[in-house]
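There are 4 protein chains.
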Amino acid sequence: MDKKIRVGVAGYGVIGQRLADGVALQGDMELIGVADVFPTLSVRALKEKGMPYKLFAASQDGKQALEEAHIPVSGMLEDLVQQVDIMLDATSAGIGAKNKVLYEKYGKHAIFQGGESNDVANVFFHGYANYEKGLGVDYLKLTSCNTTGLIRAVDCLDRTVGVEKVAITIIRRVADPGDYHRGLTNALKVDKAPSHQALDLMTIMPHVQATGILIHTPVTHGHIITVVLTPKKDISIEEAIETFEKHPRIRVVSIDEGFLGNASLFRYARDLGNPRGDMYEIALWKDTVVKSGRDLMFAINIPQESVVIPENMDAIRSSMKMQLTREDGTSTTNRYLGIGKWKNQD
Amino acid sequence: MDKKIRVGVAGYGVIGQRLADGVALQGDMELIGVADVFPTLSVRALKEKGMPYKLFAASQDGKQALEEAHIPVSGMLEDLVQQVDIMLDATSAGIGAKNKVLYEKYGKHAIFQGGESNDVANVFFHGYANYEKGLGVDYLKLTSCNTTGLIRAVDCLDRTVGVEKVAITIIRRVADPGDYHRGLTNALKVDKAPSHQALDLMTIMPHVQATGILIHTPVTHGHIITVVLTPKKDISIEEAIETFEKHPRIRVVSIDEGFLGNASLFRYARDLGNPRGDMYEIALWKDTVVKSGRDLMFAINIPQESVVIPENMDAIRSSMKMQLTREDGTSTTNRYLGIGKWKNQD
Amino acid sequence: MDKKIRVGVAGYGVIGQRLADGVALQGDMELIGVADVFPTLSVRALKEKGMPYKLFAASQDGKQALEEAHIPVSGMLEDLVQQVDIMLDATSAGIGAKNKVLYEKYGKHAIFQGGESNDVANVFFHGYANYEKGLGVDYLKLTSCNTTGLIRAVDCLDRTVGVEKVAITIIRRVADPGDYHRGLTNALKVDKAPSHQALDLMTIMPHVQATGILIHTPVTHGHIITVVLTPKKDISIEEAIETFEKHPRIRVVSIDEGFLGNASLFRYARDLGNPRGDMYEIALWKDTVVKSGRDLMFAINIPQESVVIPENMDAIRSSMKMQLTREDGTSTTNRYLGIGKWKNQD
Amino acid sequence: MDKKIRVGVAGYGVIGQRLADGVALQGDMELIGVADVFPTLSVRALKEKGMPYKLFAASQDGKQALEEAHIPVSGMLEDLVQQVDIMLDATSAGIGAKNKVLYEKYGKHAIFQGGESNDVANVFFHGYANYEKGLGVDYLKLTSCNTTGLIRAVDCLDRTVGVEKVAITIIRRVADPGDYHRGLTNALKVDKAPSHQALDLMTIMPHVQATGILIHTPVTHGHIITVVLTPKKDISIEEAIETFEKHPRIRVVSIDEGFLGNASLFRYARDLGNPRGDMYEIALWKDTVVKSGRDLMFAINIPQESVVIPENMDAIRSSMKMQLTREDGTSTTNRYLGIGKWKNQD
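As given, the protein sequences belong to chains E, P, Y and C, one line each in that order. Residue numbering for the first sequence follows this note's numbering, starting at 14 and increasing by one per position. Residue numbering for the second sequence follows this note's numbering, starting at 14 and increasing by one per position. Residue numbering for the third sequence follows this note's numbering, starting at 14 and increasing by one per position. Residue numbering for the fourth sequence follows this note's numbering, starting at 14 and increasing by one per position.
To be clear, the hints were calculated from the coordinates, so they are not data collected in a lab. Treat the hints with care, since some could be wrong.
Same chains, same names: a pair is fine if it fits in one copy or spans any two.
To be verified - List time: in silico DSBU-like cross-link candidates among lysine-lysine, alpha-carbon distance up to 30 Å:
hint	residue 1	residue 2
1	356	121
2	17	304
3	121	334
4	76	205
5	146	118
6	356	205
7	121	16
8	17	67
9	304	62
10	118	205
11	205	354
All chains should be built: construct the whole structure from the sequences, respecting the hints.
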């Protein structure tokens with residue numbers, strides 16, 4: 014590809030920042046800029062770093078607020094949209110649908126996040142499960158963080174032995190580090206079942222039957238999902254683990270190595286020197302893989318802040334027809350993000 | 014029964030206190046006293062209440078420590094053992110096995126808690142699942158709090174439609190309120206699978222296949238277990254809920270009523286005026302009951318401090334042959350503890 | 014006093030319930046009923062207990078919602094107001110000011126809680142610090158939980174050696190057990206200084222200079238306040254502890270006894286068998302009392318759900334002129350609530 | 014300085030890793046290697062990063078364990094000691110004293126951390142408070158994280174207006190992210206007073222009188238300390254803030270900017286792209302600075318994992334006489350660590 018695909022990011026929050034960083038790492042994409050509406054801490058940090066990305070204001074009020082905080086503004090969101098081929102929309106739920114008017118006005122492609130309603134997009138997308146469905150499509154919506162990670166594991170087994178059904182328990186972290194808007198103190202909170210993640214999985218993988226229960230927990234580093242999975246063909250625990258180990262976006266870990274829970278993975282990613290202590294891979298604990306009859310049960314960890322970044326890069330590739338197959342699209346993303354490098358060690 | 018069964022309690026901690034209170038409520042039992050080894054807060058509270066129960070010292074050192082703290086001591090543990098028909102042993106894991114020598118010396122029956130190893134007892138006991146197995150048996154061991162609550166729900170369905178298998182996810186509270194010995198801060202912790210609760214369920218209900226994963230969470234008010242259950246005979250969600258509602262030790266609740274999670278149940282029990290804010294029933298959220306094919310999935314709440322008290326009372330009844338059937342034994346316990354009264358309202 | 018003072022409680026939440034229970038214990042008061050607007054868990058618990066208190070609906074919509082939940086309703090709030098001598102208003106902040114119209118309409122006295130703005134009342138009241146100021150006054154406003162507990166300790170020293178100034182750090186519990194509306198997860202939250210508690214203390218005790226900083230913490234069992242206090246006259250650590258020990262509403266505890274923090278006090282209150290695990294006393298850790306020059310520093314624990322109940326009873330006594338002096342008023346409250354009994358042991 | 018000072022780090026845990034990274038950033042130092050005893054997660058991360066630092070085994074057993082985990086080992090701790098000019102000892106409390114035998118054997122300087130007992134070193138050191146005392150001294154011990162940060166603020170005012178006394182409340186985070194060894198769940202924990210931090214401050218700054226109370230809280234991102242400080246000379250709030258703003262290792266922040274608490278600072282450091290989301294500066298909330306008479310009160314945030322790194326670099330400079338004055342030593346450290354750069358913006 015000679016010409017780089019020009020990308021803009023709307024919303025510079027938890028996800029938007031990481032999308033911008035992800036795009037900046039793709040050798041065949043160019044990050045034109047990011048847009049936000051308020052001098053948040055993340056925007057202030059962007060300034061303290063010397064404005065490595067151009068910032069556009071999402072509203073006139075926002076522009077004024079940003080300028081009052083001495084944050085350099087390069088124009089309005091509408092200016093940004095005009096300069097790109099595709100927008101990654103990581104604004105708060107519901108705003109994406111409003112921004113879409115702007116994307117349509119200038120005939121630009123856009124990728125929406127899991128918080129938007131499904132009808133904002135033509136295709137509900139997952140890089141590994143249905144890459145080809147997004148090819149050339151104007152508007153894609155990504156699955157949410159839990160569903161993205163879950164589908165990696167389920168799709169991985171599905172392509173090996175087939176999956177008949179899954180029943181999931183989502184042990185959800187309730188807020189991100191530094192999030193003061195949401196919070197839970199000394200309480201587990203139960204959601205009405207079935208969880209939307211189970212329903213979303215069935216939308217993306219209609220041949221699998223899924224249900225699930227979600228419980229919120231007062232922690233900030235990663236959701237844990239337990240999966241009870243009925244394969245079409247019997248598979249041993251060892252074969253299942255081997256299958257997972259081959260997946261670039263799944264990191265098979267063990268309690269014996271010191272991975273005691275979600276916080277161990279956050280610490281490990283910090284110790285790796287990953288920016289923000291982020292991890293793109295889900296983790297799967299090999300010492301939780303058990304069988305009951307043909308059913309397989311296991312636990313995975315979902316790093317909620319960063320897990321969707323690779324699949325968003327896949328989505329750009331699919332929507333812009335940069336690569337035409339799932340294998341090409343996902344492996345190009347992986348190479349630029351450095352995913353799977355560590356698998357070749359030893 | 015003319016003569017009351019005389020009961021002693023070894024260990025006046027979280028469980029021991031509640032066992033003592035439970036025995037004191039049984040019209041056909043007499044609490045002779047409790048034993049502990051140190052002037053803990055619970056023992057100090059016993060004194061501040063005016064010593065409603067006689068306290069025996071579990072060791073000579075302990076006696077001295079108690080007396081130095083001005084706690085009245087009525088004798089040694091060995092004295093207590095001689096005065097009772099049966100001991101409830103709620104000491105720390107491993108101590109029960111040592112105390113057993115004393116119980117054997119005086120030919121006294123004893124009930125051990127879930128923390129002891131299985132071989133301390135002749136029968137691994139659950140009031141609803143195998144009451145008759147304990148009849149006249151000298152030494153019974155109770156299931157742990159999670160297993161006790163779980164078996165109530167599984168046995169309840171088993172007697173209605175039969176249960177083929179279960180896969181459980183235990184979202185475990187990591188400490189009790191006021192517990193400074195254990196703790197977890199902003200972390201989920203994963204245990205190696207399968208969890209002992211699944212294995213214990215299979216010991217008590219050998220015809221059911223079970224597996225499970227346990228995740229520790231930093232909260233103090235009640236474990237939550239999600240259960241994926243394959244019944245032998247198909248059962249609708251409504252029928253399942255009706256079945257649960259008939260069980261005296263299961264409280265069917267809903268999110269719409271305001272039961273948002275484990276902490277709501279603790280608050281409700283406090284508002285009920287229950288001593289210590291305890292609840293003997295497990296709760297089952299009716300809005301979490303879902304189906305996937307024939308499989309049923311639902312979430313239950315286990316009030317870890319108090320849930321085993323009724324089954325301990327059942328165990329005394331079975332071991333001492335106070336009632337000869339499951340129905341008589343459990344319903345007598347329920348009547349004295351006031352369990353199920355609220356079911357007859359409206 | 015021959016005729017009992019008739020009391021109503023508006024708002025049956027965390028504080029309202031405890032006010033109702035507190036009034037029910039006063040031999041010279043009669044609880045006419047409580048009012049609420051919605052079938053909350055507390056109202057549902059009232060029903061499960063068999064309606065020991067009459068419930069009045071605070072609005073027509075509320076009446077309908079309560080009746081739909083099969084909760085017996087004895088009338089409207091306005092009916093309740095007409096039947097009482099004085100109302101305890103424990104509604105959410107801001108509602109009390111609206112309810113006051115009703116109290117004025119029928120010429121009834123009322124006591125408001127700390128959440129209301131000061132101008133709702135004629136006197137900002139604390140049982141120990143300014144009992145006589147409330148005598149016969151129609152509308153009193155109580156200090157909030159932290160201020161109530163803090164003033165007990167400061168007033169106690171003030172009456173002994175005089176207090177020149179205090180600087181407080183409030184380590185605030187962020188939610189009550191079972192509270193899903195507020196929450197904080199793995200974060201401390203800083204408020205702008207000075208904290209309102211320091212300002213409120215100066216309103217009640219204008220001769221003391223006060224400032225303070227408040228930090229929210231993700232726990233539910235009791236605020237802890239550290240106090241740096243400059244006495245007018247030098248006082249030794251031992252004398253200070255002795256002074257605190259004589260105060261009926263201060264419980265002097267130590268780490269060595271096992272009181273390791275706020276959660277130990279909650280556990281102790283549960284083990285005492287106190288309804289809901291409540292405690293009326295603040296605790297003061299004797300092993301935190303230190304001196305720096307003439308300054309005294311110490312830490313106290315504020316059981317936020319129950320600490321204001323005694324001062325509310327004092328307020329009724331003062332407003333209704335049931336007792337004419339601080340000594341008579343507070344000691345009558347203490348006697349009926351059983352406060353200080355334990356001080357006479359050993 | 015022509016020849017770089019050769020540095021080794023013993024203990025590659027939370028502090029050791031950051032010390033190694035810090036040394037690697039100093040243009041006039043060379044990191045020879047790090048030593049640890051076990052294939053911890055941090056050591057595994059070092060391997061996954063491709064062994065940027067040489068690893069030495071701290072024991073023969075450790076060597077075997079490391080090799081079994083396929084971690085390349087470059088020799089034993091004793092080999093490392095021989096190759097360096099100075100060791101930074103960041104092993105667990107008590108191990109440093111044992112390692113000292115080795116440092117003495119080869120006549121090497123060493124810097125110990127706050128966990129060691131004071132007598133392990135000749136001087137108890139703080140870069141800003143007593144840099145010159147460490148000049149050429151063989152063994153220095155650093156203050157702990159809280160004391161290090163606290164002294165920055167107190168020393169800063171002391172050099173401006175003089176400080177007579179301080180009374181501190183330490184609201185301590187109980188564990189680091191990913192730490193499963195320690196933990197506290199829904200509880201505040203009180204320590205006996207005075208806190209060691211107050212005593213340590215008096216050791217380093219003997220002309221200041223200090224006392225304090227420490228409360229543990231169940232969070233992981235940064236301690237918060239409130240300081241009540243009596244200056245020798247009156248200083249206004251604005252002057253105090255200006256003084257703090259000039260200190261390179263103090264970051265003056267405000268709630269209005271979005272710094273709501275300790276977790277905001279962690280998030281901000283992650284958003285800055287700082288490795289591991291670390292921050293070398295303490296933060297001081299300008300909206301918490303208040304006065305009561307002449308006394309000043311304010312709150313600071315201590316990023317416990319990284320705050321001591323700069324003062325450790327200062328200690329190497331002082332012990333090895335790389336710079337002979339406090340100004341030269343600390344400003345060289347600051348330049349290499351990039352501290353204070355952001356102060357020159359706007």
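Go through the copies and call it for residue 304 and residue 62: within, between, both or neither, with a Cα cutoff of 30 Å.
-> neither (50 Å within a copy, 35 Å between copies)
Can you tell me if residue 121 and residue 16 fall within 30 Å by alpha carbon in one copy, between copies, both or neither?
-> For residue 121 and residue 16, the Cα distance is within 30 Å only inside one copy (17 Å; across copies 58 Å).
For the identical chains here, do residue 205 and residue 354 meet the 30 Å Cα criterion within one copy, between copies, both, or neither?
-> Answer is between: at 28 Å across copies they meet the 30 Å cutoff, but 40 Å inside does not.
First find the shortest C-alpha distance between residue 17 and residue 304 inside one copy, then the shortest across copies, and answer within, between, both or neither for a cut-off of 30 Å.
-> Close neither inside one copy (47 Å) nor across copies (48 Å); limit 30 Å.
Is it within, between, both, or neither for residue 356 and residue 121, if the alpha carbons may be no more than 30 Å apart?
-> So residue 356 and residue 121 fail the 30 Å test inside a copy (37 Å) and across (40 Å) alike.
How would you label the pair residue 121, residue 334 (within, between, both, or neither) given a Cα cut-off of 30 Å?
-> within (14 Å within a copy, 62 Å between copies)
Homomeric proximity label, residue 356 with residue 205: Cα distance no greater than 30 Å | between (39 Å within a copy, 24 Å between copies)
Tell me, please, which holds for residue 118 and residue 205 at an alpha-carbon limit of 30 Å: within, between, both or neither?
-> neither (39 Å within a copy, 45 Å between copies)
Up to 30 Å between alpha-carbons, please classify residue 76 paired with residue 205: within, between, both or neither.
-> Answer is between; shortest inter-copy Cα gap is 27 Å, intra-copy 41 Å.
Taking 30 Å as the upper bound on the Cα-Cα distance, should residue 17 and residue 67 be classified as within, between, both, or neither?
-> Result: close within a single copy only, 17 Å intra versus 40 Å inter.
Please work out whether the CA atoms of residue 146 and residue 118 approach to 30 Å or closer within one copy, between two copies, in both situations, or in neither?
-> within (24 Å within a copy, 69 Å between copies)
The structure fails hints 1, 2, 9, 10 (numbered hints given earlier, in ascending order).
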